[in-house]
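Participant: Chain by chain, the residues:
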Amino acid sequence: MKHVVLMAVAIVIAFPFYWMISTAFKSFFEATQFPPTMFPHELHFENFATAWGDAPWAGFFRNTFLIGIAVTLGELTTSVLAAYAFARLSFKGQGAIFFILLATYMIPGEATLIPNFVLVTRYLHIVDTLQVQIIPFLASVFSIFLLRQHFRSIPNELADAAEVDGAGHLRFLWSVVLPLSVPVLVTVTLITGLGVYDAFQWPLLVTNSDAVRPVQVGMAQFRTEFGAQYHLEMAAATFVIAPVVLIFLFAQRYLIQGVARTGIRG
Amino acid sequence: MPRPAIGATRRRRILAENLLGYILVLPAIVIILIFQFLPGFAAVYMSLFRWDIVQGAFRGLDNYQTVLVGGRAEEFWQSLSVTLTYTLITVPIEIVISLVLAYLLFQKMRGRGIYRALYFLPYITSVIAAAVIFNWLMNPSYGLFNTLLGFVGIGPQTWLDEPRGIIELIVGSFGATLPDWSPFAAGSPFHQSIFAGPSLALVGVSIYTIWHYIGFQIVIFLAGLGNISNEYYEAARLDGASERQIFTKITLPLLSPTTFFVATIATIGSLKAFNQIYAMTNGGPLETTKTLGYEIFHVFFQQGRIDLGAAMAVLLTLMILVFTVFQFRVAERRVHYG
Chain A
3 MKHVVLMAVA
13 IVIAFPFYWM
23 ISTAFKSFFE
33 ATQFPPTMFP
43 HELHFENFAT
53 AWGDAPWAGF
63 FRNTFLIGIA
73 VTLGELTTSV
83 LAAYAFARLS
93 FKGQGAIFFI
103 LLATYMIPGE
113 ATLIPNFVLV
123 TRYLHIVDTL
133 QVQIIPFLAS
143 VFSIFLLRQH
153 FRSIPNELAD
163 AAEVDGAGHL
173 RFLWSVVLPL
183 SVPVLVTVTL
193 ITGLGVYDAF
203 QWPLLVTNSD
213 AVRPVQVGMA
223 QFRTEFGAQY
233 HLEMAAATFV
243 IAPVVLIFLF
253 AQRYLIQGVA
263 RTGIRG
Chain B
3 MPRPAIGATR
13 RRRILAENLL
23 GYILVLPAIV
33 IILIFQFLPG
43 FAAVYMSLFR
53 WDIVQGAFRG
63 LDNYQTVLVG
73 GRAEEFWQSL
83 SVTLTYTLIT
93 VPIEIVISLV
103 LAYLLFQKMR
113 GRGIYRALYF
123 LPYITSVIAA
133 AVIFNWLMNP
143 SYGLFNTLLG
153 FVGIGPQTWL
163 DEPRGIIELI
173 VGSFGATLPD
183 WSPFAAGSPF
193 HQSIFAGPSL
203 ALVGVSIYTI
213 WHYIGFQIVI
223 FLAGLGNISN
233 EYYEAARLDG
243 ASERQIFTKI
253 TLPLLSPTTF
263 FVATIATIGS
273 LKAFNQIYAM
283 TNGGPLETTK
293 TLGYEIFHVF
303 FQQGRIDLGA
313 AMAVLLTLMI
323 LVFTVFQFRV
333 AERRVHYG
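Residue numbers (the numbering used here), protein chains in the order written: chain A, 3 to 268; chain B, 3 to 340.
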């Protein structure tokens, strides 16, 4: 009985993915047939090539990849450094700075959207670039909190031992703390990377040429231009979704644990 | 007696640690201040001025007046009502479904990991691409949803193009009409019977939303279930409690902090809804799916009214803040729980 319920729900949840792939292989004629066919009569592999050629997908993926690398590395670096300072150093004004972070955590993206838009368009003049999609995301309060919590759990004895050995803070961070934090670092990397891959509203507002637009904006654009070519639309959706599904297959443990522990909902 | 002076080496070490602290937090703090902290206050500031591409005259609370009771009031309240309706449809259904599934999944069984991974899959799927799939499923001419409706003898629907309420549609299919009561005047584009219910388009967006988020909810519920000590269950079984009693008398009450947490976080999510609306309906038909998140985008970006957009964003932020504070409290309890 339990298995029947779980299985039925699994089918309902998986079905949209099946339907996407199934439609992606059909001819336009078959995709718009009524009643629809469950399995494609012939497999039209060329749909993927056609969809890929109809829009500058290679550029969209390249942009997302570059932004993803820059944001993930940058955010990881700034967060690790700041988290270490909050977790294992004491300095004047630490409490006050930490309070600013807490307050920032309460401010939703909806509040900052318009001022940031005005800032990058009127003052920084970096609209329609890759930088504008990178710089605002080079630090994350959430990542700092997560890493700080973990760094604090590292036993003081290790720090004392490092000190006896004459290792300074940076040395201790690099050769003791980071190796002990690999799972958390993986979680932060995955959550940040997925965030970049899904980024939509900000790039939609601050870019207007294909040369710098990321994948999701490309997908929305493709839908507007080729929306009536359902089979191509589904082929495009397939290759947009495929990378995250692949990453998920390999890293689901980290992702699910990360979400369970942190409770963030994108 | 003067305190004994700290040794010079020690003083130097404290100074060095202070300096190192500032250097380490500096990069993160600069970015956070510029792009996340100060803009929060800038939004309030901007909402008090007139903006025509550049900053104009100080207007006090005039922008808020325009939004709440003036020329933009009708569309603002419409979008707020859409947002609340959307929340009321999606959040309770998501919670019930995910709670039941988490409860079933929590018991030791074969294939548990596979089910969990499968349920989680929609959540990591990019919103835009996934919304495009649902648009295709709900296509008025070729969509699979209409085929399924056909099996149970219901005629094809226009789904995301359908502005009429679902209750209106159901009542209408029996040839009856609803009383023509509406908070909006007869000539208003939003004029619709208060009994009409959410538009079929909004129901369509909600179906997608529920599909997208239940995996997330399940994972949180599973974590919550894992925090309930086994002793309670053992004691209850010894006392001869039935499975059903165990669920309603032990699981549900002890899980309530998690349930509150999930409810607030899902509510915040639906208050912010933008991407799915943009990809599925663009706020239409007849603005029946135009959530506040979309309305702000429309006003500030598409119409260029930065001032009114900022005022709306501040109002939305206040609503989100109420839930965030609430969620912080509950989150604290959730953490201390185990």
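Each hint should be verified, as a subset may be incorrect.
Straight line, CA to CA, 20 Å or less: simulated SDA-like cross-link-like pairs of lysine to any residue [what the hints assert, rightly or not]:
1. B:Lys110 - A:Thr131
2. B:Lys110 - B:Leu120
3. A:Lys4 - B:Arg118
4. A:Lys94 - B:Val32
5. B:Lys251 - B:Lys274
Source of the hints: derived by calculation from the structure; they are not laboratory data. Since the structure is predicted, the reported quantities are computational estimates derived from the model, not experimental observations.
Participant: Each hint should be assessed against the structure and marked as holding or not.
Facilitator: These are the hints, each one checked on the structure:
| no. | hint | verdict |
| --- | --- | --- |
| 1 | B:Lys110 - A:Thr131 | violated (51 Å) |
| 2 | B:Lys110 - B:Leu120 | holds (17 Å) |
| 3 | A:Lys4 - B:Arg118 | holds (14 Å) |
| 4 | A:Lys94 - B:Val32 | holds (17 Å) |
| 5 | B:Lys251 - B:Lys274 | violated (35 Å) |
Checked against the numbered hints above, the structure breaks hints 1 and 5 and satisfies the rest.
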